[in-house]
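Take the given structure of chain A and dock chain B to it, following the hints.
Chains A and B, in that order, are what the protein sequence lines are.
Heads up, the first sequence is in this note's numbering, so the first residue is 1 and it goes up one at a time.
Heads up, the second sequence is in this note's numbering, so the first residue is 164 and it goes up one at a time.
Some clues are possibly wrong.
A partial selection of chain A residues facing chain B, derived with a Cβ cut-off under 8 Å [to be verified]: (1) V32; (2) L45; (3) E83; (4) A84; (5) R85; (6) G86; (7) L99.
Please keep in mind that the hints were generated in silico from the structure rather than gathered at the bench.
Each residue gets a CB set at the ideal place from its N, CA and C atoms; glycine is no exception.
There are 2 protein chains.
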Amino acid sequence: MLAMGIDPGNAICGYGFVELKGNSLHGAGHGVIRTSPDMGRGQRLQYIYEKLHSLIRERCPDIVGVEKLFFNRNVTTAMTVSEARGVILLAVEMNGVSLIEPTPLQVKQAVVGYGQATKEQVIYMTQRLLCLDKKATPDDAADALAIAICSVHSWSAEKIWRG
Amino acid sequence: MLAMGIDPGNAICGYGFVELKGNSLHGAGHGVIRTSPDMGRGQRLQYIYEKLHSLIRERCPDIVGVEKLFFNRNVTTAMTVSEARGVILLAVEMNGVSLIEPTPLQVKQAVVGYGQATKEQVIYMTQRLLCLDKKATPDDAADALAIAICSVHSWSAEKIWRG
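With the rest of the complex left out, here is chain A (with noise of 0.2 Å):
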């Protein structure tokens, strides 16, 4: 079972794919999509789409978390990261690919058993989880592995559920 995860980011966004073998968790690649301020907003929202769309598409995961977003003070980048959000639910939609959608508190719970947790302990738990030789860079690649695992869970939880 492959999970795909995505931190979602206008300048940057981060993916991680998390392969679920047997009862254990292995991390299966991971990196970011970069755009640049010089490129127009529509194009910026356009490459992260593609990119996105392709990796989908190539990598056929069972299931994409992306992570909801929490804001509460600046108000304008909560609505450029949102556009980017838009662009990203959509590449998800078209591959037909089942959405979970964790909060940053269910993410920090289920990879540090810590709703509170900092960035640092995310990671170097996301490290430990995947048996990755060293740390997931940049910190964007590394939180989307964590949203994947985060999924993962959604997804066992949810299949016991049912049955």
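Showing chain B alone in chain A's frame:
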């Protein structure tokens, strides 16, 4: 010269076409795209994207104006509408059409001549300026026509500026 205006929304997304012939403006069609709350979030975005993509491809506007959002209170609403705005900008970019992003203030100034104009004044002046037999409905479609008028103004101003 044909301009399209889009009033971004997740549940209801308005669009309108305005034609500039010589020095006069004419309404060239308007409507709304509605999505149901029963649809998944990705499905709604896909529906909006595909409808707008087809409309732009069929009508071949010279420019598309997509209103900039202005929110200062409800961040959750701002984020949902921004997701829709993301797929709208993608549809414009995919068709290679020039994008104009007027603010609500610029739209009001272009149509009523006054940045603090009410919604009713904008709708009334839109009908007058485009010589429409009756008020465009629903409001989201009338707003989209106002955005198209403003986009024609920006386009004309830029044309004069560039020579």
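Each hint, compared with the structure:
Against a cut-off of 8 Å between C-beta atoms, the interface hint on V32(A) is violated, since the closest Cβ of chain B lies about 18 Å away. Look at L45(A): its Cβ gets to within about 5 Å of chain B, closer than 8 Å, so that hint holds up. Residue-level restraint check for E83(A) holds (minimum Cβ-Cβ distance to chain B is 3 Å; threshold 8 Å). For the restraint placing A84(A) at the interface with chain B, the shortest Cβ-Cβ distance is roughly 6 Å, inside the 8 Å limit, so the hint holds.
Nearest Cβ of chain B to the Cβ of R85(A): about 6 Å, under the 8 Å cut. The hint holds. About 3 Å separates the beta-carbon of G86(A) from the nearest beta-carbon of chain B, less than 8 Å, and the hint is met. For L99(A), the interface hint holds, since its Cβ comes within 8 Å of a Cβ in chain B; the closest pair sits about 6 Å apart.
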